[in-house]
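Since the structure of chain A is already known, use the hints to place chain B on it.
2 protein chains.
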Amino acid sequence: MKNLIIASTSTIHGSGYLEYILPTLAKHFKNANTILFVPYARPSGISHDQYTEIAQKAFKKINKKVVGIHTFKNPIEAVTKAQAIFVGGGNTFVLTNQLYVNQLITPMQNAIKNGTPYLGTSAGSNICGLTIKTTNDMPIVYPPNFNALALVPFNINPHYLDPDKKSKHMGETRETRINEFHYYNTPPVIGLREGSWLQVNNNTIILKGELSARIFEYKKDAYEVTPETNLSDLK
Amino acid sequence: MKNLIIASTSTIHGSGYLEYILPTLAKHFKNANTILFVPYARPSGISHDQYTEIAQKAFKKINKKVVGIHTFKNPIEAVTKAQAIFVGGGNTFVLTNQLYVNQLITPMQNAIKNGTPYLGTSAGSNICGLTIKTTNDMPIVYPPNFNALALVPFNINPHYLDPDKKSKHMGETRETRINEFHYYNTPPVIGLREGSWLQVNNNTIILKGELSARIFEYKKDAYEVTPETNLSDLK
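So the sequence lines, in the order shown, correspond to chains A and B.
Start counting the first sequence at 1; every next residue gets the next number (full-length UniProt numbering).
Start counting the second sequence at 1; every next residue gets the next number (full-length UniProt numbering).
Honestly, the hints are just simulated from the structure, not real lab data.
Heads up, none of these hints are tricks.
Repeated chains share a single entry, so a pair holds when one copy, or any two copies, can fit it.
Straight-line alpha carbon distances no greater than 30 Å define the calculated DSS-like cross-link-like pairs of lysine-lysine that follow:
#, residue 1, residue 2
1, K30, K73
2, K165, K208
3, K57, K168
4, K166, K57
5, K168, K208
6, K165, K57
7, K27, K168
8, K81, K65
9, K168, K60
10, K61, K168
11, K220, K165
12, K220, K208
13, K57, K73
Isolated chain A, as found in the complex:
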């Protein structure tokens, strides 16, 4: 009964918050009047209220109400009763830590497995993978665990960036970093470029958007997959 959109980014260059994906979200959330927003990742450290306002403005365009999970006394109950869930981007370590602190990992997994439609962008997509070990974020807080929601049988790398061959910078490329991941971990990693998302319905996983994605499997050369590729067998 799973029904997820796992998006690389909330925002593509030159466009408003969620704008590129709003038509898809209107369908995705067609049975929900109200969306539970999880603002824990706090991009640039903005408050939960400020972040929720940004989500509210975007979803107003498709006539959806958005409520922040931080406004509930009992966040577990908020998740259990939600018509739909949206976890926004920001810092994946901060987000993951807050999910553990509020004991939301299992309630989120159960709600989503029971059919509550889910949208994740960036950090909210990272947590859909097995672990947060392929986040790009800075580890500004120490979460009790790197294990994530494991709603798909692989890891996500959002905001995937191709190596810049002209760069004189000596820091690792994204591809190098993901290859290093595979010296210590075996699950596949999907590098999702900005504007791409995964549509998950039950056990069917399809790449959506206009761009190809880059797949990194343990002990294999990385390869590209085109939009509409069925990734259900990737594990």
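Using the frame of chain A, we list chain B on its own:
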């Protein structure tokens, strides 16, 4: 009695491994014939032996012998007895985890505080700060702690990169990431550009190299400091 070089990178664009800093290292390690190399960070997943060979080749040019810590039965004793220590770059999480696994945090701190000359590059510089919370690396392993060697009273961000104003990428800039760090942590952060290093002698900390560095202090606007600036009061 501290005597450290904390370098942003081992290698600058268009130059060989450690080449830009070898004349400085010849002075820094003038009283050591043999340098203990810590290859734990394993850049691109290379083996400890392969990584040690790279360090050996570079230090041969200034007539220093390099031995890998992994060749010792007792790594704690290797650190305690070392004439000099070099911790190379790679993945900061892998490095930190291995230091904890081998119970090397306190022995390293003691050796360095007692005057053993130290060189760190990249990940090997990150661990000189209070925590590894300002690393750029991917969290591919889960270390028991983010606390580091705390040899300087602030955090390091190596390979510091200025925002690329022409970029269409929506992932966070380095400056945004460090500002997010300050929503959860109060210590200063030094963004060290490639080619810069900190020279630490006892409690005197001087910025070296040809480039300015960017300082991020809690609740202050970020600012630049020029080479030869004394950073001893930064805490």
